[in-house]
Amino acid sequence: MTEPTFDAIFDDLIDVNEELQSFLRILDGLLPEASLLLVSEAGVLLDGSRSLAFAQPLREKLVQEARAADGFVVGKTENNVRCHAVYLAKLSAVLIISCAAAPDDAWGPGSALATLLQNTIDLAMHRQEREMLVADHEQSVRQINILQQQHGKLIEDNYRQYRLNQDREKEYARKLESEIAKQTAELREANVRLEEISRLKSDFLANMSHELRTPMNAIIGFSELLSETPLAEDQLDYTRTIAQSAASLLSLINDILDLAKIEAGKLELEHLPFDLAEVIGNVAAMFKIPAREKGVVFTCKIDSNVPKRNMGDSNRLRQVLINLVGNAMKFTEQGGIDIEVAYEREAAGRIVSRFSVRDSGIGIPADRVGAIFEKFTQADGSTTRKYGGTGLGLAICLQLVELMGGRLAVESEVGKGSTFYFVIPLEEAPAEIISLQEHKVIGRDKAAHGGRILLVEDNAVNQRLASILITREGYEVEVASDGAEALEHLRHQPFDLVLMDVQMPNMDGMEATRRIRKIEADPAQKQSYVGLRALTQPLGIVGLTAHARKEDETACYEAGMNGFLTKPIVKAKLSMILSERMPQVSCKETEDPS
Amino acid sequence: MPSAKDLLRKFTELKTLPHVAIKVTQMVNDDRSTMQDFEEIIKLDPVLVTRLLRLVNSPYFGLSQKVESISKAVVFAGMKQLRNLVAVEALRGMFKGDDVDFSAQKLWLHSATVAILAGMIAKRIFGKDGEDVFLAGIIHDIGLIVENQLVPEKLREACKAFREGKGTLIECERNAIGTDHAEVGYLLTKEWGMPQEVLSAIKSHHQGKQVKSVSSASSILLLAEFMAGKMQYWPIVGPIEGLPPELTAHVKERVADYKIIIRDLPDEMAKAKELYESDE
Ligand SMILES: [Fe+2]
Ligand SMILES: [Fe+2]
Numbered sequence: 003m004t005e006p007t008f009d010a011i012f013d014d015l016i017d018v019n020e021e022l023q024s025f026l027r028i029l030d031g032l033l034p035e036a037s038l039l040l041v042s043e044a045g046v047l048l049d050g051s052r053s054l055a056f057a058q059p060l061r062e063k064l065v066q067e068a069r070a071a072d073g074f075v076v077g078k079t080e081n082n083v084r085c086h087a088v089y090l091a092k093l094s095a096v097l098i099i100s101c102a103a104a105p106d107d108a109w110g111p112g113s114a115l116a117t118l119l120q121n122t123i124d125l126a127m128h129r130q131e132r133e134m135l136v137a138d139h140e141q142s143v144r145q146i147n148i149l150q151q152q153h154g155k156l157i158e159d160n161y162r163q164y165r166l167n168q169d170r171e172k173e174y175a176r177k178l179e180s181e182i183a184k185q186t187a188e189l190r191e192a193n194v195r196l197e198e199i200s201r202l203k204s205d206f207l208a209n210m211s212h213e214l215r216t217p218m219n220a221i222i223g224f225s226e227l228l229s230e231t232p233l234a235e236d237q238l239d240y241t242r243t244i245a246q247s248a249a250s251l252l253s254l255i256n257d258i259l260d261l262a263k264i265e266a267g268k269l270e271l272e273h274l275p276f277d278l279a280e281v282i283g284n285v286a287a288m289f290k291i292p293a294r295e296k297g298v299v300f301t302c303k304i305d306s307n308v309p310k311r312n313m314g315d316s317n318r319l320r321q322v323l324i325n326l327v328g329n330a331m332k333f334t335e336q337g338g339i340d341i342e343v344a345y346e347r348e349a350a351g352r353i354v355s356r357f358s359v360r361d362s363g364i365g366i367p368a369d370r371v372g373a374i375f376e377k378f379t380q381a382d383g384s385t386t387r388k389y390g391g392t393g394l395g396l397a398i399c400l401q402l403v404e405l406m407g408g409r410l411a412v413e414s415e416v417g418k419g420s421t422f423y424f425v426i427p428l429e430e431a432p433a434e435i436i437s438l439q440e441h442k443v444i445g446r447d448k449a450a451h452g453g454r455i456l457l458v459e460d461n462a463v464n465q466r467l468a469s470i471l472i473t474r475e476g477y478e479v480e481v482a483s484d485g486a487e488a489l490e491h492l493r494h495q496p497f498d499l500v501l502m503d504v505q506m507p508n509m510d511g512m513e514a515t516r517r518i519r520k521i522e523a524d525p526a527q528k529q530s531y532v533g534l535r536a537l538t539q540p541l542g543i544v545g546l547t548a549h550a551r552k553e554d555e556t557a558c559y560e561a562g563m564n565g566f567l568t569k570p571i572v573k574a575k576l577s578m579i580l581s582e583r584m585p586q587v588s589c590k591e592t593e594d595p596s
Numbered sequence: 010m011p012s013a014k015d016l017l018r019k020f021t022e023l024k025t026l027p028h029v030a031i032k033v034t035q036m037v038n039d040d041r042s043t044m045q046d047f048e049e050i051i052k053l054d055p056v057l058v059t060r061l062l063r064l065v066n067s068p069y070f071g072l073s074q075k076v077e078s079i080s081k082a083v084v085f086a087g088m089k090q091l092r093n094l095v096a097v098e099a100l101r102g103m104f105k106g107d108d109v110d111f112s113a114q115k116l117w118l119h120s121a122t123v124a125i126l127a128g129m130i131a132k133r134i135f136g137k138d139g140e141d142v143f144l145a146g147i148i149h150d151i152g153l154i155v156e157n158q159l160v161p162e163k164l165r166e167a168c169k170a171f172r173e174g175k176g177t178l179i180e181c182e183r184n185a186i187g188t189d190h191a192e193v194g195y196l197l198t199k200e201w202g203m204p205q206e207v208l209s210a211i212k213s214h215h216q217g218k219q220v221k222s223v224s225s226a227s228s229i230l231l232l233a234e235f236m237a238g239k240m241q242y243w244p245i246v247g248p249i250e251g252l253p254p255e256l257t258a259h260v261k262e263r264v265a266d267y268k269i270i271i272r273d274l275p276d277e278m279a280k281a282k283e284l285y286e287s288d289e
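These protein sequence lines are chains W and Y, in that order. Using my numbering, the letters of the first sequence map in sequence onto residues 3 to 596. Using my numbering, the letters of the second sequence map in sequence onto residues 10 to 289.
Calculated directly from the structure, the hints in this document are not laboratory data. All values reported here derive from a predicted model rather than from experimental measurement. Any given hint might turn out to be false.
Only pairs whose alpha carbons sit at most 27 Å apart, straight line, appear in this in silico DSSO-like list of lysine-lysine [as the list claims (entries may be wrong)]:
1) Y/Lys52 to W/Lys155
2) Y/Lys199 to Y/Lys32
3) W/Lys155 to Y/Lys280
4) W/Lys155 to Y/Lys89
Which stretches of chain Y does chain W cover? Using the computed rule of at least three CB atoms under 8 Å from a CB of chain W, they are [as the list claims (entries may be wrong)]:
5) 130-143
6) 174-188
Glycine included, every Cβ here is placed at the ideal spot set by N, Cα and C.
Starting from the given sequences, assemble the full structure and let the hints guide the process.
The structure is reproduced here in structure tokens:
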């Protein structure tokens with residue numbers, strides 16, 4: 003496509019002689035003295051501001067001469083005024099000029115006037131070109147301005163966007179913050195709720211343990227008493243069955259409570275001196291008879307490198323071993339069961355020892371080994387039906403061993419037997435503690451019995467049972483069925499010791515204890531209580547509670563009690579605490595004469 | 010006879026401006042949109058990304074470093090240039106097909122020329138940002154594309170009548186179709202959310218009698234349309250409508266300026282071709 007020109011585009015709009023006219027205008031301005039006439043290629047006449055009158059033939063002749071010539075040609079107007087004509091190739095037009103001031107002879111080629119005029123014409127034409135240059139320049143300036151504006155706007159835009167982004171970020175951060183705050187609040191609330199639920203669960207368990215232990219207390223106690231009365235052979239057998247069932251039920255209850263305690267992270271191990279051989283001996287004694295009855299050989303072995311006396315929780319250790327041996331016994335029909343305590347190594351002053359219980363029983367299939375440590379699971383469903391048991395024992399053992407710093411594991415082969423074992427560090431007990439303990443035991447054995455005990459207990463069955471046990475220990479007993487009644491008794495009679503049930507209607511054991519301690523602290527009041535006024539030391543009060551938890555014990559001491567006994571009351575424990583707490587009447591009497 | 014709206018309803022079912030183009034057009038009009046928003050939209054279209062990067066890396070921008078990230082490119086190109094890039098990309102595909110009575114291909118060349126001329130006039134003579142009139146130029150005859158798609162026979166009938174001197178193109182269209190491409194184009198671009206100035210320029214690009222201001226987008230579009238027509242960048246054979254007297258007077262006053270624009274047009278077209286032309 004040929005490049006379009008301005009003239010081609012604006013042909014019908016723009017005067018074709020526009021350019022000539024503008025040239026004429028410029029020249030007119032430059033030569034104020036001269037008269038001008040411009041003749042276009044098409045023969046159009048363009049006048050300057052001062053016109054030149056011409057007859058057509060004269061003019062046409064002059065134009066033709068000028069076109070043919072190179073430079074100025076001379077002519078005459080109608081009025082006989084001399085004029086000069088020149089062809090302007092750039093404009094394709096002939097310029098006729100007349101200037102009265104200029105003499106004729108001055109127009110020759112190369113003359114000063116001709117040169118001056120030529121220069122003037124050139125100047126006029128350049129002016130026209132200059133117009134284009136100026137327009138071009140102005141367009142450039144405008145475009146540069148736009149670019150500057152755009153640049154400014156770009157910067158402005160970017161700044162605006164920066165602000166927008168900042169705002170958005172702030173908004174986002176704010177939302178995020180409030181969202182986090184909201185979720186934190188929700189979590190906190192949920193946590194509080196969970197803690198509440200957990201507390202309720204704990205309380206429920208504590209209550210359950212009370213509710214369960216109270217009747218168990220009676221069953222175990224009375225079956226024990228019953229078996230000591232003269233009975234026929236079959237009656238004795240029934241009584242023993244009752245006692246055994248009650249014992250196994252109690253152990254089940256204890257298992258469940260233990261597990262609950264472990265899961266709540268509330269089980270704490272004691273740190274007291276114990277005799278390892280004694281613990282093993284206890285376990286062996288328990289299983290001696292059943293083993294013999296089953297025809298299973300039962301042996302115990304303790305490595306001589308393992309310390310005899312250690313610090314720790316002997317009851318829990320015993321519990322683990324009883325559980326393991328009990329299981330072994332359950333699943334072993336022939337062969338033997340061995341308990342072995344072996345020296346492994348010494349680490350950080352502790353003797354790391356390996357406790358193992360080996361049996362020649364039915365064994366455990368490899369794929370069930372993991373499952374047996376889980377709660378309520380035995381090697382398979384049929385085991386439960388055939389051998390009984392809750393399946394809680396091993397789960398508890400596992401946790402207890404972990405608390406002791408070891409890990410319970412099993413090696414087993416189906417048909418050949420299993421070995422359950424755990425490796426725990428044993429801490430040897432310091433010598434002085436041992437002698438003190440032994441001394442105490444000796445001292446206790448020497449003590450003579452006698453004295454008055456106030457039993458505060460709301461449950462009639464328990465009243466009877468405890469009364470019988472206390473009387474058998476050789477003490478006098480008086481019964482009150484709540485705290486208020488106990489205070490009444492103390493007002494009128496002296497007592498050496500109070501056995502105070504914690505949970506009672508009207509006034510509970512805690513409240514009664516607090517009142518007694520308050521009375522003791524107030525000399526005026528103390529005088530009106532026969533049971534208190536003679537005392538130089540606080541009256542001994544031993545709490546009786548089915549709550550076996552540590553915090554229950556703490557609560558008893560906080561209320562002012564100075565002893566603690568869990569229900570069901572076991573004869574041995576009762577006799578021990580009574581001999582500890584009751585004044586050593588006979589000793590004092592013998593020392594008195596001096 | 011169908012109205013412009015009837016025609017449009019059918020057209021939008023048939024073919025619409027790509028989502029990206031509409032979205033970008035709307036975002037340019039929204040003060041709260043950020044470069045990131047543009048980036049999110051642009052990066053969905055790999056062709057656009059390539060084109061945008063080529064645009065900012067062209068000598069036209071004269072950047073010393075090569076721009077390789079979309080976000081930077083968006084920043085350098087500016088929102089309006091970006092919008093025009095997207096519009097050109099989106100429209101190009103619609104201008105396909107060529108026959109004696111109506112050539113969509115020639116119409117594309119016509120539209121591009123009008124757009125470039127309009128941009129030049131706005132910038133060089135009126136010192137205005139040329140991006141909006143460029144958009145108006147590229148899109149002003151979209152109404153013809155709609156008619157060509159929906160009522161091709163009637164459009165050809167109108168073109169034939171126009172060629173035979175039976176009235177202006179608008180009159181011939183109204184006779185044959187019942188509406189005209191300026192009206193259809195106006196309604197369609199309104200739906201796409203183009204700026205108001207662009208809309209009225211499209212609506213009046215065949216109404217030389219209603220010149221309000223010489224520097225308005227409508228006037229610039231009329232001038233560019235006239236010049237492009239005279240340069241044979243005209244898709245439909247027939248007489249070219251004259252310029253209204255106000256614009257004629259304006260050209261006479263600025264002869265030197267228009268001479269320069271005509272002189273520089275081939276260069277500008279080559280530049281635009283480099284920036285916008287497809288690789289096909
Ligand atoms: Fe048009
Ligand atoms: Fe057009």
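Quickly compare the C-alpha distance for W/Lys155 and Y/Lys280 to 27 Å and report which way the hint goes.
24 Å, holds
Per the coverage rule (Cβ-Cβ under 8 Å, at least three residues), is the segment 130-143 of chain Y covered by chain W?
Answer holds; 8 residues pass the 8 Å Cβ test.
Can the restraint linking Y/Lys52 and W/Lys155 be considered satisfied, given a maximum Cα separation of 27 Å?
With Cα atoms ~24 Å apart, Y/Lys52 and W/Lys155 stay inside 27 Å; holds.
Are 3 or more residues of the segment 174-188 of chain Y near chain W, judged by a Cβ distance of less than 8 Å?
violated (count 0)
Taken at face value, is the distance from the CA of Y/Lys89 to the CA of W/Lys155 at most 27 Å?
OK: W/Lys155 and Y/Lys89 at ~12 Å, within 27 Å.
Hinted pair Y/Lys199 and Y/Lys32, Cα distance within 27 Å:
14 Å, holds
Hint 6 from the list above is the single one not met by this structure.
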